[in-house]
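Chains as they are written, first to last, in this note's numbering: chain B, 420 to 884; chain P, 9 to 362.
Source of the hints: derived by calculation from the structure; they are not laboratory data.
Predicted model, so just to flag it, every value in this text is computed and none were measured.
For each residue, glycine too, the CB sits at the ideal point set by N, CA and C.
Please note: incorrect hints may appear among the correct ones.
Label pairs and their in silico Cβ distance ranges [said to hold, decoys possible]:
1) P:Ser322 - B:Thr520: 14 to 24 angstroms
2) P:Phe124 - B:Thr732: 32 to 42 angstroms
3) B:Trp584 - P:Ser286: 32 to 42 angstroms
4) P:Thr163 - B:Val881: 50 to 60 angstroms
5) B:Val881 - P:Gly100: 25 to 35 angstroms
6) B:Ala672 - P:Glu113: 30 to 40 angstroms
7) P:Ile31 - B:Thr732: 43 to 53 angstroms
8) B:Gln547 - P:Glu113: 56 to 66 angstroms
9) B:Val881 - P:Glu239: 45 to 55 angstroms
10) P:Gly100 - B:Lys523: 58 to 68 angstroms
11) B:Ser746 - P:Pro287: 38 to 48 angstroms
With a Cα cut of at most 30 angstroms, we get these calculated DSS-like pairs of lysine-lysine [claimed, not checked]:
12) B:Lys571 - B:Lys523
13) P:Lys257 - B:Lys523
14) P:Lys92 - P:Lys284
15) B:Lys848 - P:Lys13
16) B:Lys523 - B:Lys568
17) P:Lys215 - P:Lys257
18) B:Lys523 - P:Lys315
19) P:Lys315 - P:Lys284
20) P:Lys257 - P:Lys284
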Amino acid sequence: MLLPMKTRPDRSLILIAALLHGLTYLLLLPAWMGEDEPWHVEYAHHISTGHMPWGGVEMQGAARPEDDDRRLMALSQLQVRRRIGDLEHSEISETQEAILTSMKDEDFFRRVDFAPWSGGTENFDQVQDAFTATHQPPLYYMLGALAVKIAKATTPLEELNAMRWMALAGYLLLIVLTFLIARTMTDDLWLIALAGFICAWIPMHARQAAVVNNDVLAKLVGGALLLAGALQLSKTKREVKRSEVALLILLIAIAFVTKTTVFACVLCAGFAYVAAPARGGGGKTLAASLTCGVALAMGYGYWRATHSPSLPTSWEQLGDRLGKGLSITNLSELWRTSVGAFNWYSRDLPVGVSSVALTGFALLLTAALWQLRRAGKNDRSILILCLLALLAQYGMIALRGVSAGRYLFPALPAIAILLAVGATNLGPKLSRERVVAGVVIAFIAMDAVFLWRGLLVEQYLVWGN
Amino acid sequence: MHSLKAWCASAFFALLILCISIIGIQRARPVIDVRSIPMLTHMGGLSPQSPPGELFHCDEDGLHQIDLPFVAIAGSRHARVTLKLRADSPDGQVLRESTLAPGLELTGPAWVSFKFEPIEDSGGEMFHFSIEPADEAATSISCWVRYHGQTGINTAWGDRFLQAGETQRGDFISAHAHFRAMAFPVETLFPSLGSATLSIYDSAISKEPLRTTTLGAHDEVNAGWAFFAFEPIPESRWRRYHYVLEVPKHCRLIGEIDENRRELPVYKTFHGLELKDSPLLGMTRDGVLQRDRDLVFRTWCDDSARKVFARLSSRTGGTLWLAALLWVIAATLCLKVFVFLTPDSNASEETPPS
């Protein structure tokens with residue numbers, strides 16, 4: 420091995436660095452500047468006040484607008500009433516008004532370019548029409564409500580801040596999961612440390628250490644599923660224990676009450692569970708497959724019942740979404756929001772920085788694919804799992820027809836591992852140490868540009884009137 | 009490399025990356041930046057009879073540039089325009105004047121910068137600027153207007169002219185509370201040639217209008233949006249309203265055709281209340297102040313590095329310096345692990361997993 424073996428203290432240093440890095444973002448990301456934060460805080464607020472995410476009142480449209488339920492309250496409020504039980508209209512509207520007041524106080528409307536005029540806003544429809552978080556599965560919001568309770572938060576801003584600490588914890592846990600998945604692939608502790616570092620220093624992921632959004636939990640569940648799959652593939656004894664199947668079912672159940680974006684990781688973990696013992700007992704493999712299939716069907720039904728907009732409702736819609744999802748525009752949007760976009764994606768990193776980053780990432784991924792051909796000391800099956808996770812996650816985004824970089828994050832450990840493998844296989848063996856040093860410096864420099872020239876300037880210097 | 013040296017080198021390198029990344033951060037940025045994204049309503053071709061302007065309060069010294077977005081509304085787009093900057097009010101002394109040809113393409117709005125000698129002591133002062141054709145003839149280029157409010161009904165510019173002078177009626181559901189204005193696109197509208205009046209009723213059979221508004225002579229429009237503003241209706245959310253729009257005989261509204269092949273006017277509705285503590289004091293037409301709308305524009309003043317960092321420090325509530333320190337430490341740790349390696353990195357190798 421030409422590279423020095425890294426040690427546990429080194430990985431601890433990377434984790435400490437990640438903690439400080441996450442805290443930096445926690446300090447600098449202004450309130451309500453994480454995408455869709457008002458809606459997520461609203462949902463968690465209602466749970467924290469003792470309401471449950473079921474038992475709501477179905478909304479009614481009508482042929483005549485005068486008979487439409489929107490005469491009673493705004494669409495964003497009707498959607499809250501549809502999901503959450505025993506909510507009075509006054510409670511829904513007061514919550515939205517309190518959050519809107521906080522958004523005004525924290526200069527939200529001066530920062531987000533497409534935000535409308537703030538004078539006289541009374542409900543969320545006046546910020547973004549027909550939008551809600553309440554169609555999302557409830558687990559994240561239950562945990563958020565718990566955080567709100569523990570922090571004894573009373574104002575929307577306090578609730579937001581309490582939930583942002585969850586984001587920081589999620590960010591750190593995902594780095595740990597990346598370490599663990601990488602360990603199943605290789606004995607090379609340098610590569611493991613590098614994978615964790617990359618996971619921590621992808622700027623848009625570091626920024627998520629300060630964002631209230633259920634993507635924070637989705638990426639953790641995705642990471643846990645990939646780890647479960649990787650553990651199966653890395654086992655020397657190719658059979659599945661009942662406890663492992665139970666763990667998979669539990670993770671799938673958690674995935675279904677977290678977010679639809681985890682579905683690709685569910686598929687990958689299921690694939691790993693089925694593929695690993697396939698050479699051994701066929702009966703157990705079949706049983707595991709059937710159990711996974713039943714769990715998937717139940718989850719799909721649950722998502723449909725919660726009005727998830729992620730699921731297409733007809734073949735025509737599916738075709739339409741695929742067309743949009745696979746378009747160049749969508750790919751470009753995916754890249755734009757993966758590499759760096761600010762103020763609710765209304766402003767971008769300079770094109771030059773984005774292009775250099777795209778070239779760098781493409782180079783690393785190509786090197787990783789090359790490594791698939793001759794895996795060396797790395798476990799090829801785990802590398803394939805990582806590649807599969809990346810492709811499946813992109814497939815999910817294409818099926819959704821709407822792109823955002825954060826939708827890739829459930830597969831982030833896999834992406835970080837692929838990039839790390841690429842970095843350690845760029846160039847001749849003798850210069851690997853220097854190449855990896857260069858990659859690390861490049862990531863830190865990209866983060867610096869993102870944070871100090873992008874986020875800081877766009878959030879604090881460029882304000883609209 | 010000895011451990012201490014490695015730590016020092018890592019810290020120095022982290023600091024260096026931070027410093028390089030903030031080169032140019034002190035570059036000036038707009039002090040006033042009227043946002044309207046996407047831009048919704050253009051004012052119509054500039055004319056010397058009723059030049060648009062804006063009254064604003066300048067917070068910083070060294071005002072030296074005002075930008076406006078223009079759009080070409082007809083093939084002829086090569087007119088020259090003049091910006092006149094006045095002290096205090098539309099009637100104030102002209103302080104600066106700048107004339108240029110915007111050089112617009114037909115692809116959409118383009119920002120045009122009017123640069124002038126800096127006004128050293130502009131901080132805390134009130135100014136007015138107006139935009140007028142430089143050659144005393146109406147032009148086919150237009151500024152953009154931001155009306156104060158959220159849009160409810162928000163149809164785009166139509167594809168046909170409606171019959172000139174025809175009174176238009178229609179019903180709609182108001183999307184939001186505080187319904188306060190409607191905007192209709194017109195080919196030409198000269199209120200001096202006839203009354204342009206909008207009346208809002210709570211139903212088509214009501215006799216008494218809830219609100220009525222008539223445009224003044226200064227509100228002339230040439231291929232742009234005509235705003236009919238009135239006292240906000242507070243409880244307007246999801247209420248049905250009926251409008252009646254009377255226009256002068258020469259005026260052709262822009263419309264579209266519906267599914268029953270009827271020609272209808274297109275329009276936008278605006279909802280909301282005024283904001284307090286804004287440096288924007290309102291748009292002017294021919295010197296008449298209209299506080300419910302602004303021209304879309306940006307102002308530029310002198311920005312020194314010290315001012316920029318003071319602004320950053322104040323807006324971040326003092327956490328900027330702590331965040332910078334944390335970031336440097338984090339980067340130092342990573343650089344120490346991966347870049348500035350020391351022999352003792354190998355001292356306690358972990359047993360790799362089986």
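To see whether the hints hold, each was checked on the structure:
no., hint, result
1, P:Ser322 - B:Thr520: 14 to 24 angstroms, "holds, 22 angstroms"
2, P:Phe124 - B:Thr732: 32 to 42 angstroms, "violated, 58 angstroms"
3, B:Trp584 - P:Ser286: 32 to 42 angstroms, "holds, 35 angstroms"
4, P:Thr163 - B:Val881: 50 to 60 angstroms, "violated, 31 angstroms"
5, B:Val881 - P:Gly100: 25 to 35 angstroms, "holds, 30 angstroms"
6, B:Ala672 - P:Glu113: 30 to 40 angstroms, "violated, 57 angstroms"
7, P:Ile31 - B:Thr732: 43 to 53 angstroms, "holds, 52 angstroms"
8, B:Gln547 - P:Glu113: 56 to 66 angstroms, "violated, 32 angstroms"
9, B:Val881 - P:Glu239: 45 to 55 angstroms, "violated, 35 angstroms"
10, P:Gly100 - B:Lys523: 58 to 68 angstroms, "violated, 33 angstroms"
11, B:Ser746 - P:Pro287: 38 to 48 angstroms, "holds, 42 angstroms"
12, B:Lys571 - B:Lys523, "holds, 23 angstroms"
13, P:Lys257 - B:Lys523, "violated, 45 angstroms"
14, P:Lys92 - P:Lys284, "holds, 27 angstroms"
15, B:Lys848 - P:Lys13, "holds, 27 angstroms"
16, B:Lys523 - B:Lys568, "holds, 25 angstroms"
17, P:Lys215 - P:Lys257, "holds, 24 angstroms"
18, B:Lys523 - P:Lys315, "holds, 25 angstroms"
19, P:Lys315 - P:Lys284, "holds, 25 angstroms"
20, P:Lys257 - P:Lys284, "violated, 40 angstroms"
Violated hints for the displayed structure, listed by number in ascending order: 2, 4, 6, 8, 9, 10, 13, 20.
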